[in-house]
Amino acid sequence: MTVLGLSRFQFAMTTVFHFFFVPLSIGLAFTVAIMETLYVAKRKYIYKRMAQFWGKIFLLGFAVGVVTGIIQEFQFGMNWSNYSRFMGDIFGAPLAIEALLAFFMESTFIGVWMFTWNRFKPGLHVIFIWLTWLGSTVSAIWILAANAFMQRPVGYGINKKTGHAEMTNFAAVIGNPQLWREFPHVATGALMLGGMVVVGMSAFGFMHKNADRAFFTRSIRVGAIIALIGSILVIITGDLQTLEIIKDQPMKFAATEGIYEDLKSPAPWMVVGFMNEGSHTAAGLEIPGMLSLLAFHKLYGGTIQGMNTLNQQFLGERGKIIKNGIAHPEISNYYVPANVLFWSFRFMAAVGFAVLILAICTLWFTRKSKNTLADSRWKLWILGICTYLPFVGTTGGWLITELGRYPWIVYGLQTIADAVSPTATVPSLLITNIVYFLLFCLMGGVMIFYSRRVLHQGPEPDPEAAKAEPVPEVAPAGAHATTRKVALA
Amino acid sequence: MTEFLAKPLIDGNNLLQLLWFFVIALVFAIFLFLDGIDFGVGMATRVLAHNGDERALYMRAVGPHWDGNEVWLITGGGAMFASFPLWYASLFSGYYLLLFIVLVGLILRGVSFEFAAHSVTDCERSVWQWANFAGSVIAPFGLGMMLTSVIQGVPMDAAGNVRAGFFDVVNWLSIVGGVAVVFFSFLHGLHFLSLKLDKKTSERMLNTSKKVYWIAYPALVVFVILAFFFTDFYQRRTWSTLLITVVILAATICGHISAYKKRGGFAFVSSGVTLAGIIAFIFNGLFPNVMIATDPAKSLAVHVASSSQYTLEIMTIVLCCLLPIVLVYFVWSYYIQRKRLITDDSPASIKAALAQ
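Line by line, the protein sequences are chains S and F.
Position 376 (the first sequence) corresponds to 376 in our numbering; numbering is contiguous.
Position 48 (the second sequence) corresponds to 48 in our numbering; numbering is contiguous.
Extracted from the complex, chain F is given alone in its bound form (with noise of 0.2 Å):
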């Protein structure tokens, strides 16, 4: 058995190096399902709610589930640092600033929950209203830029140090993908409340959401041009890659098609395969590598990267034996929370209702 899991299999890696690579990837994927929608909600706080009622009880649809859907983002950082310590060392240290942001974001997105739940005069309440949004736009911003700048190849030594000068972070192709991250996020918050309040106010979203999508095309359609020109995913992985991006347009057409038939439950489904798809394409495109050097004899290949077989044999243990339960309490507090909230529950009624 543990001769069968140290044998190579495909271009020098052995299953479990393997598996853990597709478990991260996973990780992410999920992440930005879900904590897309936090992300999309807090948009729309901005772009949407008329005053600031509305907006509290945006964000009262994703109260008990962000804190849920940012653990993902931790495990995954987690889980990179478990197996593949190399990986996570080049990337973090080497995207500093970029990296930086986005925790400046997710700080400012965090606290504003709880405290604007405890502010007393509208204008208080509306200070932390905007640290919502702002970090409900920088951190996907921030992200979405990180994930387009890695594919293109960094400037790596060999000792695995990359030096991410401002052109390798802000160029055409990581700014498209910045806003492509952000606006599909939108779009996937947009569809998660038109399934959380009330009738009236869904359709509004799912109305917003049509217009909001002929915007998301151009950006994705630039994005998979430019991924052609600054990447070799399309030379190097042809037909997974072309694969990946059928999917993705498909999964965009089809909740465009469910946002005009008011058919909420497809239309969020499938802005969320589209934020997966976004993941999925690129560390489809990142293999057998985790980081592309600019200089290809440097790239950090997965089997390089990876801790010892010993590590990730008792992850992977570790992994079998809790994932099951997490999304068993997980699934479980999304489904004991799936009534539609009012819109007439101002944040009076329902701090009343929170005190029952």
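Excised from the complex, chain S in its bound form (with noise of 0.2 Å):
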């Protein structure tokens, strides 16, 4: 156990975690939002039912987020003290003006939406949850435009006084093509996991004995679609994001697939694999022509370089940095985690698609004419499972951006291991992990554990329903449901 190995760990487990809640406030709140407007317009109780109802969920996130965050914040200057100043020039501005420009906007108007559904018009209410979901998501904006500049930088020169980096050109830094890559495939991420999280726990709200079907039905076929749109279009955007990857980052892309020869097209795709990060060599199942056709659309064109040239290649380019003392003296080589990123990359893809079919089932299964979702209980098991799947997903997108850019911390100027803080002790990192992880777990435990109550009680009782004629009792199509009810609405 090292200062800088703990560190790291550290990061990774508050990044992730953090990023658990992130795109579930801004894909709830996007849904949440949807929601009351769709009552806004249709001016039918339900909608406001549903938008109470997932707001809850929404503001439950929305919580454990919102620590998480300060966390993140502190620790650039925690526990990466070289970093902050070697980069606070460039990464500290987009830090606040998020928090000048989202933060308050998002902080703000959630405090408002969340006590005031009885004191504004609908109209006028509806306009807070937009509020607060556009902070979000601008917040996620000059984030990643810290990040990206740690991927690709940008709109810089370094002091020669000083050896720290020093903003040149601010325009620069927010038009990172890395940054307008990067963005649209968290933004729509987003969207897709805070559908699939409605999709999937309307599919457990199903299962519950007294569960209000009507409502659930247009739940899950609202989340549905937003799913739906989200992961055709996160799909779209991941393809942008590695066209652009291959020749900004080609050792990260080489290690998602796997590659460490250079291979001339038609290049054949490593479906599943084996990296030996020792002999460097991979081994696995092949599709003939395939990487060519997902790298660059065509079967003939392009060389894709493997790990072995790109860590030549970076050695002869880069060993100069070296001797200037700002790249870590103890690196001997570039290659990155070539396993963890082929199988994050794997998992990721995998899990665009598979909501993808997921959001065309549910609808087809809840389809006006014979929407027999409900009765399916191994159908519900499935969609409910597979709440979790998104969260994977974003998993395996930071695990790849991160540990992407191995060695550095910012892309070709600074190593990981010289930004770690030289006061940084182990007893105290391990003290602060084993904490972080204990209350991590305590929060995401709560979490879930309300989230289910939540579900368990339902939404609110409709008192239009309850003033209008009787809801018609069907004969339960499931053998275990005696008690259900459908309302034909």
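One or more hints might be untrue.
[Said to hold, decoys possible] Calculated cross-link-like contacts (lysine-lysine; reagent style BS3-like; alpha-carbon spacing at most 27 Å): (1) Lys42/S <-> Lys370/S; (2) Lys210/F <-> Lys262/F; (3) Lys121/S <-> Lys339/F; (4) Lys7/F <-> Lys160/S; (5) Lys7/F <-> Lys161/S; (6) Lys209/S <-> Lys379/S; (7) Lys161/S <-> Lys298/F; (8) Lys298/F <-> Lys160/S.
If you are wondering where the hints come from, they were derived from the structure by calculation, not from laboratory data.
Join the two chains, each given in its own frame, into one complex according to the hints.
Pasting the structure below:
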């Protein structure tokens, strides 16, 4: 256990945990906003109940997201002080702007939205949730602007006297092509996640013995439409981002595809495989020509560089920087953790396509003419378990993004080993790692527990339905359901 | 114009560096003014509330605001990172464990609002109310300790790495500083609740605050005396330090009198000025440094710690455009929620009100 290893573990743990709740907030805020907008447009009470019900889950996720976000911000100074010194001039600005432009908006209007349901007209009240969503999305732009610089430094110069990076062109930092590939992928991924969570939780909701079927049917359809659109967009934006990464960070791309030796087109695509990171070889199941299609969208044309070539190339190019003392002298090669990247990529991509298929199936099984989903327990179980699927996808995405720039913290400029706080000690890192881990487990567990409870309590009863004629009792389709009511709305 | 901006004005610092030093002080002062409310209310839940329902009501009083209040801390951190990266790096890495404790406090408090609202049994709700209380004590105490231990001079090397040992963090001044921040937050929260709850409860809050002042005075006076011996503020920056000390004492006395006269509004503003005054005292004393090293030659000066002129210019433009807008809707969100809550509002009826 070293200071570097523990600091990296802590950062990875915080990022991954925090990023369960960021897309959940963005995605659910959007879903709730759509539901409330439907209420404003159609004036059907069920949409208001939907917005309020899913709003509860959103608020739970938001609370955990906020507190983990503070850890994330403080960690740069606490664990990575040399990085903060080197990069503060550029990295701090987006972070400060994020707070001013986005966090204030998000946290102010979420407070207003929560407590003013009966104070404002629906048409005005819906604006507050849209502003909350806007705040969380804009905050993603700025934090990704900071991250994009770490992936691809632009608009900067190195101050000769201090050796620190300094911003020279703010427009270039904001216009970073890496940012405008990363952001759409993250934003659409969040929509997909938000939609899928509503789908999966509605599926669990159906299984409860007193489930309000009409309510969950309408929820699951709204969720599925958002998940469907989100998953299509996330696949497209992911493809665009990959095209950028092939040019920008070829080592990252080569690792996600497990390529050690250069490949001439048509290049085969390894579906599953295992990388021997010691001997730099890979073996697995391959589809001929597929990789050229995926990477260049044509069979003949490009050459794909392998990790061995790239490593030699980087050693040649960047050996100089090591002599200047900016890079760490201990770094002997530029290989990235290939197995983790390879499998993260496969999980992430699989999740995207799985959600696409699940969303289509959900829409099909809940179609107006023949709504059978609620009576098929195995389908509900599959959908329910798949609530967790998009979280696997987002985790995979971050592992690729962050591990793929190893050994750099700022690509080509500063190594991870140089960035760590010189004052950090193993005991203090060990304590904080353990406490953070326990806190994360506790918060994650309580979050799931309360979400389940909210689901089982069900939505608030519909006062209009009580006033109207009694709901027709329909014979239960499932053998175990005895008192199930179906509102044929 | 750019020439003027880059010209050193005071102690080698140019206009933008001075501005940003002031902005950071201002943001932290606003943070303590606002989040002091939430900390104080959190403390009141254990000290004053008779039962779980009353606790829930107190927490409801800050429910719509605590999140926005905390953003001032995040903004302060972000602004410090952007405008004085070397300060941010030295301070945050040097006070590693203390900051970590503050973070744990903030986490416990942050999740407790939502989790308590979802609790069903009294026992379960009580757990999160305890979490809220614990966080509301730990966070201001830790922050107070950090602020007051920084001003005594920290063991810092030429590269700006701070290795604060146990006795750098825990000593008489820092303990008294932490206690003072906790007590004034408590008073501030009481005054806020006196404005937020019905007349009868409001009176109870002010009656308690009258008594708490008698504990807060000694903390404040001891703090001023210790600051004279532990720091060089009164020697180096005599007049400004004296002025701020007088303002803090006057605000405290004013708050106490207001509490006696049952003027919740005046008392609230006064206790807020005291809290903001503590920040002003510290930042004024730090200047022209941001970190005072035990070896004065190694102290980190404002203009050394600052980021490049270009970044400061960009940040200034951003600040001038965004801050007014933020302030408008921030104040508006308080304004629309200005109505007093009624003690009879049990959580059940609050829930019903929320569900409407």
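Q) Lys42/S and Lys370/S: Cα distance at most 27 Å? A) Within the cut-off at roughly 24 Å; holds.
Q) Holds or violated: are the alpha carbons of Lys7/F and Lys160/S at most 27 Å from each other? A) Holds, because 21 Å separates the two Cα atoms, which is no more than 27 Å.
(Q) Between the alpha carbons of Lys161/S and Lys298/F, is the straight-line distance 27 Å or under? (A) holds, 18 Å
Q. Are the Cα positions of Lys209/S and Lys379/S separated by 27 Å at most?
A. Holds, at about 16 Å.
Q: Below or equal to 27 Å on CA atoms is what counts here, so check Lys121/S against Lys339/F.
A: With a Cα-Cα distance of about 18 Å, the restraint between Lys121/S and Lys339/F holds, given a limit of 27 Å.
Q: Would you check the hint for Lys210/F and Lys262/F, treating anything up to 27 Å between C-alpha atoms as holding?
A: Distance of about 10 Å is within 27 Å: holds.
Q.
Tell me if the straight-line CA distance from Lys298/F to Lys160/S falls inside 27 Å.
A. Roughly 21 Å separates the two Cα atoms, so the pair holds.
(Q) Would the hint linking Lys7/F and Lys161/S be met if the CA-CA limit is 27 Å? (A) holds, 20 Å
Checked against the numbered hints given earlier, this structure breaks none of them.
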